[in-house]
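Asks: One-letter residues, chain by chain:
Protein chains: 2
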Amino acid sequence: MQSTFSPITFNKTEIKLLNQTLLPRIEEYEVYSDYLDMTDAIKKLKVRGAPLIGIAAAYGISAALNTHSASSLIELLEFYKKLRFAFYQTRPTAKNLFYALDRLDKVVENPNISSVDQLRESIEAEAIQIHKEDELSCLKIAENAANTLFNKKDNYTFLTHCNTGSLATGGIGTALGIIKYLHNQGKNIHVYVDETRPLLQGARLTAWELHKERIPYTLITDNMAAQIMKNHHIDAVVVGADRITKNGDSANKIGTFQLAIVASYFNVPFYIVAPKTTFDTSLITGDEIEIEIRDDLEVTRFNGIESAPIRSKSENYAFDVTPNNLISGIVTEDGVYFSPYKFCDK
Amino acid sequence: MQSTFSPITFNKTEIKLLNQTLLPRIEEYEVYSDYLDMTDAIKKLKVRGAPLIGIAAAYGISAALNTHSASSLIELLEFYKKLRFAFYQTRPTAKNLFYALDRLDKVVENPNISSVDQLRESIEAEAIQIHKEDELSCLKIAENAANTLFNKKDNYTFLTHCNTGSLATGGIGTALGIIKYLHNQGKNIHVYVDETRPLLQGARLTAWELHKERIPYTLITDNMAAQIMKNHHIDAVVVGADRITKNGDSANKIGTFQLAIVASYFNVPFYIVAPKTTFDTSLITGDEIEIEIRDDLEVTRFNGIESAPIRSKSENYAFDVTPNNLISGIVTEDGVYFSPYKFCDK
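These protein sequence lines are chains A and B, in that order.
Heads up: the first sequence begins at 880 in the numbering used here, then just goes up one per residue.
Heads up: the second sequence begins at 880 in the numbering used here, then just goes up one per residue.
Pulled out of the complex, with its shape left as it was, chain A reads as follows (with noise of 0.2 Å):
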């Protein structure tokens, strides 16, 4: 099973990204070669989504060293540590970005590599594995949700939060992913998409995949969560994850945490849907991980109109935290794990 288009594509010194800002009216595919346009796409939220940010910062970062004009290998390793900050600081909360530089370190680390041509290669060879191991990895989780959690009937309602689809990841997606899988297996799916404010990628992303793919949903506000739960059998609330510590708390698109709540409060079990590249050992719970704060004017406007009045203040938080207890289970590439949480260091 694959995906019906790629957000990205990599020709050695290009990158092809769909723009994700401008769908679902516009799709357009702008071309960067610059690492700097690139940290600003990610930036922007041209290309986004925990896991697809991870491969879109392998790829930048293998695009510019491959059209650098770097004489000598230590001039390259400059630009690469150059590069590698440049990405870092794009975006802080997904872990799965910091998990494609590490692995990116590893290759530079390598005492084997002796020549300039020989490390563009290797981190060129690494940006595509990075991204061929997600696409594997969308394929795995969505088997093991369909093997283990989704196997017992033919009709699965769910409800989803943001977009975890073919735009957020490498391939199918992770929990867009097992509704493409089930609906790929003949089931009926019914899938209710929270629109997803401020950025509304319920709306904008995941009602476009589904459109795509021919899957049935409803969209709906945010705040409807509650009334839908209570008017409509749900199977399940699946969605994605940013980083996700130790003990299992999960850091996720703002708004899960409220929804996990919701769907405790109506016993509807709340699945997150990731690979194990957004899996953060280092943190022992969701306190220490880090919130990207995002500009007042995502709140106070949207397509670039006020919707309150100017000056208004806003705490405009990208992520929350939707801790264990909560968590019905969270299903990766290796398996479904259930509570009590304890994930290792490898």
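For the record, the hints were derived by calculation from the structure and aren't laboratory data.
Hints should not be assumed to be uniformly reliable.
Remember, identical chains collapse to one label, so a pair may be satisfied in a single copy or spanning two.
Said to hold, decoys possible - PhoX-like mimics (lysine-lysine), calculated; alpha carbons at most 20 Å apart, straight line: (1) Lys-1091 / Lys-1032; (2) Lys-985 / Lys-961; (3) Lys-1066 / Lys-1031; (4) Lys-1109 / Lys-1192.
Based on these hints, arrange chain B on the given structure of chain A.
Replies: Coordinates of chain B only, in the frame set by chain A:
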């Protein structure tokens, strides 16, 4: 303590409405004389808020009777029936509309009324009286809350949903009225304002009123409430109501139920604030309340701009019902009620 502006003024044959759909960017007053235009203004939420809908309907009927060229009482009574039906059909959930119609019915049924002019004058007096009583109720509600619930300290932080201020009532407001009253007492008040999708009454209207009153506020998306309650001390959630049943179950703007669940999770007191005109003791529980369903386009668009793929379906419940067990107290002009709620038929 008076409201600094009026969203509705009445002068025998004309009603001047502040068009709330254009706020906060445009402050435009529109003059209505035709009753069909007036029912349309209610349906389109140019005038909204449970108590204000009742007042608007009463004024709309009075203006129509005052302009109608009936030559006989029988003819004018026939026209009244037509008017009543037109306003009755505008919006189903807010009890205050039907309360106002019932009040006018009692005038019409008065056997002492024997002339066209007498009917016109009596209806006009009743409509003005309904407005005045609501203004007084708002003040009494605020006094009751200030004297019993919020009299222990000088600083209070509230979280509120939708708009319950002067734009929703005939006076200073219900939940927002309390906030204004405490601010007016010199207390240090901060308000977290849910933007209230899909129609953004929080961002557009509540923020506008707080801005006018110079009361400090922070605008948040509806899905941030849990994160805010985790990171800040919130003294209470205060919201309005559109209909309250015998057992205390309360219909209010979509998202209120979800907010009550979240408040309960954090042990934050959750108060419903409403005048007695909102109570419907003919209904035993909230399950009996008719919930208005509005156009999908309100959800699939944001400020008039498509935010989701075209033809996306939605379930646009305009209201939900908060069950009595999630309500810490119901604040009315008669005092504050606590669980178990047993509201009588009068």
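Asks: Indicate, hint by hint, whether the structure satisfies it.
Replies: Evaluated hints:
1. Lys-1091 / Lys-1032: Answer is neither; intra-copy 25 Å and inter-copy 56 Å both fail.
2. Lys-985 / Lys-961: within (16 Å within a copy, 80 Å between copies)
3. Lys-1066 / Lys-1031: within (11 Å within a copy, 58 Å between copies)
4. Lys-1109 / Lys-1192: Only across copies: Lys-1109 and Lys-1192 sit 19 Å apart there, 33 Å inside one copy, limit 20 Å.
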